[in-house]
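Chain residues, written in single-letter form:
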Amino acid sequence: MLLLKNEVIKYRKSVKMTQEDLAKAVGVTRQTIISIEQGKYIASLPLAIKIAKVFDIPVEDIFIIEDGD
Amino acid sequence: MENLSKLRHNTKIKMILMILSTSLPLVITLVMSICNFEISDNSLFAALPFLPSLMCVVFEGYIILKIIQYIRILKNDDYAQSLIIRRNDERIKYITLKSNAFVDKLFAFILGLAVLFTAFVDASVFWPCFSIFIVFVIIHFIAYIYYSRKY
Numbered sequence: 001m002l003l004l005k006n007e008v009i010k011y012r013k014s015v016k017m018t019q020e021d022l023a024k025a026v027g028v029t030r031q032t033i034i035s036i037e038q039g040k041y042i043a044s045l046p047l048a049i050k051i052a053k054v055f056d057i058p059v060e061d062i063f064i065i066e067d068g069d
Numbered sequence: 001m002e003n004l005s006k007l008r009h010n011t012k013i014k015m016i017l018m019i020l021s022t023s024l025p026l027v028i029t030l031v032m033s034i035c036n037f038e039i040s041d042n043s044l045f046a047a048l049p050f051l052p053s054l055m056c057v058v059f060e061g062y063i064i065l066k067i068i069q070y071i072r073i074l075k076n077d078d079y080a081q082s083l084i085i086r087r088n089d090e091r092i093k094y095i096t097l098k099s100n101a102f103v104d105k106l107f108a109f110i111l112g113l114a115v116l117f118t119a120f121v122d123a124s125v126f127w128p129c130f131s132i133f134i135v136f137v138i139i140h141f142i143a144y145i146y147y148s149r150k151y
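Quick mapping for you: the protein sequence lines, in order, are chains A and B. Sequence positions in the first sequence follow our numbering and run 1 to 69. Sequence positions in the second sequence follow our numbering and run 1 to 151.
So that you can see chain A by itself, here it is in the shape it has in the complex (with noise of 0.2 Å):
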């Protein structure tokens, strides 16, 4: 089973970034980041895309995918 895990709180908190920041920057709600961040919501890939833009990094280094057990 696949699991995707992502690194959005530790390349906002790189950037000094709040997560009302990076809400506004990406259009989306605070509570949407917060639940991106703590892997309850996984964003779509528009959103992801829209994240990645805002760290200047690449998508694939902030959604990781990785194999469960």
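Simulated from the structure, these hints should not be mistaken for laboratory data. Watch out, some of these pointers could steer you wrong.
[To be verified] Capping the alpha-carbon separation at 27 Å, the derived lysine-lysine pairs in DSSO-like fashion look like this: (1) Lys66(B) - Lys93(B); (2) Lys10(A) - Lys24(A); (3) Lys66(B) - Lys105(B); (4) Lys93(B) - Lys40(A); (5) Lys66(B) - Lys24(A); (6) Lys93(B) - Lys150(B); (7) Lys40(A) - Lys105(B); (8) Lys24(A) - Lys53(A); (9) Lys105(B) - Lys93(B); (10) Lys24(A) - Lys12(B); (11) Lys40(A) - Lys53(A); (12) Lys24(A) - Lys5(A); (13) Lys53(A) - Lys93(B); (14) Lys53(A) - Lys5(A); (15) Lys24(A) - Lys13(A); (16) Lys24(A) - Lys93(B); (17) Lys50(A) - Lys98(B); (18) Lys5(A) - Lys98(B); (19) Lys50(A) - Lys6(B); (20) Lys5(A) - Lys93(B); (21) Lys13(A) - Lys53(A); (22) Lys40(A) - Lys24(A); (23) Lys10(A) - Lys40(A); (24) Lys24(A) - Lys6(B); (25) Lys98(B) - Lys24(A); (26) Lys24(A) - Lys75(B); (27) Lys150(B) - Lys6(B); (28) Lys16(A) - Lys53(A); (29) Lys50(A) - Lys93(B); (30) Lys66(B) - Lys40(A).
Fair warning: this is a prediction, and the values are worked out from it, not measured in the lab.
Add chain B to chain A, keeping to what the hints say.
Only chain B this time, still in chain A's reference frame:
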């Protein structure tokens, strides 16, 4: 995705419609008087005479709240922007989709049980329940075909 100018334009139209809707209870009352429409003795309104007034109050209260919201959208850019974000937020849309699908399944199950139960108890209640169930299934089927072709 909705933008600010489109939201403002739609809000102005909705506000005009809402203002016109405030007269709807009066119009209905006038039409009923002109047509000499009488409330049946078996109707809910006959059993609860305060119900029409309560419905009017709730209706007008809802319209007033919506008009206040529309004024806020037209005057406050930050509020309008936050509303656009909330309306287009994919997580909120996903939650709405999931909860609608769940309620849909639950409603079908409860309605099916009601049809089965009333078949044993009372035919006069069974037929309306059964009709609603059949219409529900047909609409469900048509919607499924439509979205299967669309996507």
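Each hint, compared with the structure:
Among the hinted pairs, Lys66(B) with Lys93(B) is consistent with the structure: their alpha-carbon atoms are about 22 Å apart, no more than 27 Å. The suggested pairing of Lys10(A) with Lys24(A) holds, with an alpha-carbon distance near 18 Å, which does not exceed 27 Å. For the proposed pair Lys66(B) and Lys105(B), the alpha carbon gap of about 31 Å is over 27 Å, so the pair is violated. The hinted pair formed by Lys93(B) and Lys40(A) meets the criterion: a straight-line CA distance of about 15 Å does not exceed 27 Å.
With a C-alpha separation of about 26 Å, the suggested pair Lys66(B) and Lys24(A) falls inside the 27 Å cut-off, and the hint holds. A distance of roughly 19 Å separates the Cα atoms of Lys93(B) and Lys150(B); the hinted pair therefore holds under the 27 Å criterion. A hinted pair counts as satisfied when its Cα atoms are at most 27 Å apart, and Lys40(A) with Lys105(B) qualifies at roughly 24 Å. The hinted pair formed by Lys24(A) and Lys53(A) meets the criterion: a straight-line CA distance of about 13 Å does not exceed 27 Å.
Taking the CA atoms of Lys105(B) and Lys93(B), the gap is about 18 Å. The hint holds against a cut of 27 Å. Restraint check: the Cα-Cα separation between Lys24(A) and Lys12(B) comes to about 26 Å, which is no more than 27 Å; the hinted pair holds. Distance check on the hinted pair: Lys40(A) and Lys53(A) sit about 22 Å apart at the alpha-carbon level, within 27 Å; holds. A hinted pair counts as satisfied when its Cα atoms are at most 27 Å apart, and Lys24(A) with Lys5(A) qualifies at roughly 22 Å.
Of the supplied pair hints, the one linking Lys53(A) and Lys93(B) holds, its CA atoms being roughly 23 Å apart against a limit of 27 Å. With a C-alpha separation of about 18 Å, the suggested pair Lys53(A) and Lys5(A) falls inside the 27 Å cut-off, and the hint holds. Between Lys24(A) and Lys13(A) the alpha-carbon distance is near 16 Å, which keeps this suggested pair within the 27 Å criterion. Distance hint between Lys24(A) and Lys93(B) is fulfilled; the C-alpha atoms sit about 17 Å from each other, no more than 27 Å.
As the CA atoms of Lys50(A) and Lys98(B) are separated by approximately 24 Å, the hinted pair is consistent with the 27 Å bound. Taken as a hint, the Lys5(A) and Lys98(B) pair is honoured in the structure, with Cα atoms around 22 Å apart against an allowance of 27 Å. About 23 Å separates the Cα atoms of Lys50(A) and Lys6(B), which keeps this hinted pair within 27 Å; it holds. This hinted pair checks out: Lys5(A) and Lys93(B) have alpha carbons roughly 22 Å apart, not beyond 27 Å.
Restraint check for Lys13(A) and Lys53(A): satisfied, since their Cα atoms lie roughly 16 Å apart, inside the 27 Å limit. At most 27 Å may separate the alpha-carbon atoms for a hinted pair to count; Lys40(A) and Lys24(A) meet this at roughly 20 Å. For the proposed pair Lys10(A) and Lys40(A), the alpha carbon gap of about 17 Å is at most 27 Å, so the pair holds. Under the criterion of a C-alpha separation no larger than 27 Å, the hint pairing Lys24(A) with Lys6(B) is consistent with the structure, at around 19 Å.
Restraint check for Lys98(B) and Lys24(A): satisfied, since their Cα atoms lie roughly 25 Å apart, inside the 27 Å limit. For the suggested pair Lys24(A) and Lys75(B), the alpha carbons sit about 21 Å apart, so the restraint of at most 27 Å is met. For the given pair, Lys150(B) sits about 26 Å from Lys6(B) by alpha-carbon distance, which is consistent with the 27 Å threshold. With a C-alpha separation of about 16 Å, the suggested pairing of Lys16(A) with Lys53(A) holds against the 27 Å cut-off.
At roughly 18 Å between alpha-carbon atoms, Lys50(A) and Lys93(B) fall within 27 Å of each other, so this suggested pair holds. Distance hint between Lys66(B) and Lys40(A) is unfulfilled; the C-alpha atoms sit about 33 Å from each other, more than 27 Å.
Violated hints for the displayed structure, listed by number in ascending order: 3 and 30.
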